[in-house]
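Residue numbers (our numbering), protein chains in the order written: chain A, 1 to 138; chain B, 1 to 138; chain C, 1 to 138; chain D, 1 to 138.
Wrong hints could be hidden among the right ones.
Since the list gives no way to pick out one identical chain from another, each pair is judged satisfied if it fits inside one copy or across any two copies.
[Claimed, not checked] List of simulated lysine-lysine pairs, BS3-like, C-alpha gap at most 27 Å: (1) Lys54 to Lys20; (2) Lys120 to Lys54; (3) Lys20 to Lys128; (4) Lys120 to Lys20.
If you're looking for bench data, these hints aren't it; they were derived computationally from the structure.
Given next are the chains, with one letter for each unit.
4 protein chains.
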Amino acid sequence: MQHLERIFSSSPNRIAPDSKVIEACIEACAECERACAACADACLGAPDPSQLRKCIRLNLDCADICDTTARILTRQFHASLRFIRAQIEACALVAAACGAECLAHAGTHRHCGFCAEACKRCEDACRKALRTLPSANA
Amino acid sequence: MQHLERIFSSSPNRIAPDSKVIEACIEACAECERACAACADACLGAPDPSQLRKCIRLNLDCADICDTTARILTRQFHASLRFIRAQIEACALVAAACGAECLAHAGTHRHCGFCAEACKRCEDACRKALRTLPSANA
Amino acid sequence: MQHLERIFSSSPNRIAPDSKVIEACIEACAECERACAACADACLGAPDPSQLRKCIRLNLDCADICDTTARILTRQFHASLRFIRAQIEACALVAAACGAECLAHAGTHRHCGFCAEACKRCEDACRKALRTLPSANA
Amino acid sequence: MQHLERIFSSSPNRIAPDSKVIEACIEACAECERACAACADACLGAPDPSQLRKCIRLNLDCADICDTTARILTRQFHASLRFIRAQIEACALVAAACGAECLAHAGTHRHCGFCAEACKRCEDACRKALRTLPSANA
Numbered sequence: 001m002q003h004l005e006r007i008f009s010s011s012p013n014r015i016a017p018d019s020k021v022i023e024a025c026i027e028a029c030a031e032c033e034r035a036c037a038a039c040a041d042a043c044l045g046a047p048d049p050s051q052l053r054k055c056i057r058l059n060l061d062c063a064d065i066c067d068t069t070a071r072i073l074t075r076q077f078h079a080s081l082r083f084i085r086a087q088i089e090a091c092a093l094v095a096a097a098c099g100a101e102c103l104a105h106a107g108t109h110r111h112c113g114f115c116a117e118a119c120k121r122c123e124d125a126c127r128k129a130l131r132t133l134p135s136a137n138a
Numbered sequence: 001m002q003h004l005e006r007i008f009s010s011s012p013n014r015i016a017p018d019s020k021v022i023e024a025c026i027e028a029c030a031e032c033e034r035a036c037a038a039c040a041d042a043c044l045g046a047p048d049p050s051q052l053r054k055c056i057r058l059n060l061d062c063a064d065i066c067d068t069t070a071r072i073l074t075r076q077f078h079a080s081l082r083f084i085r086a087q088i089e090a091c092a093l094v095a096a097a098c099g100a101e102c103l104a105h106a107g108t109h110r111h112c113g114f115c116a117e118a119c120k121r122c123e124d125a126c127r128k129a130l131r132t133l134p135s136a137n138a
Numbered sequence: 001m002q003h004l005e006r007i008f009s010s011s012p013n014r015i016a017p018d019s020k021v022i023e024a025c026i027e028a029c030a031e032c033e034r035a036c037a038a039c040a041d042a043c044l045g046a047p048d049p050s051q052l053r054k055c056i057r058l059n060l061d062c063a064d065i066c067d068t069t070a071r072i073l074t075r076q077f078h079a080s081l082r083f084i085r086a087q088i089e090a091c092a093l094v095a096a097a098c099g100a101e102c103l104a105h106a107g108t109h110r111h112c113g114f115c116a117e118a119c120k121r122c123e124d125a126c127r128k129a130l131r132t133l134p135s136a137n138a
Numbered sequence: 001m002q003h004l005e006r007i008f009s010s011s012p013n014r015i016a017p018d019s020k021v022i023e024a025c026i027e028a029c030a031e032c033e034r035a036c037a038a039c040a041d042a043c044l045g046a047p048d049p050s051q052l053r054k055c056i057r058l059n060l061d062c063a064d065i066c067d068t069t070a071r072i073l074t075r076q077f078h079a080s081l082r083f084i085r086a087q088i089e090a091c092a093l094v095a096a097a098c099g100a101e102c103l104a105h106a107g108t109h110r111h112c113g114f115c116a117e118a119c120k121r122c123e124d125a126c127r128k129a130l131r132t133l134p135s136a137n138a
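Construct all of the structure, not just a fragment, from the sequences and the given hints.
In structure tokens:
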């Protein structure tokens, strides 16, 4: 995400005093989106997909919510913090739920273990962003 | 959304006892996504886009969040209500923020007035879905 | 999609002389996105999801491509027709592939039959849009 | 994208003999999506957004198409190459169009220059993926 960092540093907009935390959250969401999309596909192609159906469902949800959360955080012009904070909260919750489900399959499906790591990193980054962002203004 | 209704009625999955409320919420989110995307484009092409920059920003956020919320609600298999409720809450908040901003421009830009209606309908449908869905289970 | 129609009619931008065809294409893509997302979920919850794995995969692809195609067509300001036409072409192809797979399961899974109809309508609307849009300019 | 690489290496599915090229394309699309979303926001907040309206429009299109293309390529189970190739082609075209527009503003807006680099890298990665993928089978 080297381009993202440079674009932010030359942008007139700023969502929070510490933009490194926001950048790290965007990056963790983006990585988690890709990991979940890949894990859903690997689960779908597994010899017994029936055992992985809840995992696939959560992977799809997590990928969609991560993508939207990354997009919202990337927009720093005229940020309305109330819904932004709610969106990050939803992202932390889905990453926690998806990560827990993936972890339960990590012993038999290595891809689920790797995805659980990406989910955990995303959840942590969202929690850190929530602590860094100013309180809701509107 | 006639296909959606028929697919739901023949699906083995059910997220809530009253699926009509969920369907209405998905439809309102989908309509709001399209309205916001179209409003952002109309604002961008306006003679003086500078006055509409906050509106464009909120339109883009609202479109992304609406799409993701509609997707999450469409998945009814093994629903984890805690993050689903958080996602609907984020959607209600962004629709309220975007609708308020659009309404402020409705006098000079008719497309903003139409978009404000779609946002209001989406916000109401999200609030109704939150009242209908069972409490968070996980 | 009543809001979309009214927003377009009050927008300063126009992608094609006949905006009804573009609106119909956006609506068909939006409906197909929702149908495919719902069909993927219904397939995932079916007693034997293994037989429906290819269907799920194509449903997910079709939903993503439909959403993006609808967004691209909604933006009418400064349209660059070369990639827009390529995106609609991709949408027509995925709708055809997904519709054919769904049709193969329509006898045993009614939701697949309904989804196949949404795919067919989307494919036809994309083909009609391609005939209506001016040739690529850039 | 370390998680993505590891998930792919433990997945039962494979879209092409050389998965490194596909991974590189997914990564370039993901990076370009984030760069374009950030560039659109920076343009929107610029002192004179009117000069950057075509850039914003293309940024939004490029971000959407990049995200969908990355998702399609991430799904390697039962890949239908005909529409996948069409989607990558659309992505190469929008990245070229967006990159050219960004480059025209690089002298006055540094973020546009950085975004142009991400677009160029994405376009090249798409072209390389098209050369690597087998011909369309369906």
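Here's how the hints hold up against the structure:
1. Lys54 to Lys20: between (34 Å within a copy, 24 Å between copies)
2. Lys120 to Lys54: Close inside one copy (18 Å), not across copies (30 Å); limit 27 Å.
3. Lys20 to Lys128: Answer is within: at 11 Å inside a copy they meet the 27 Å cutoff, but 33 Å across does not.
4. Lys120 to Lys20: both (19 Å within a copy, 26 Å between copies)
Checked against the numbered hints given earlier, the structure satisfies every one of them.
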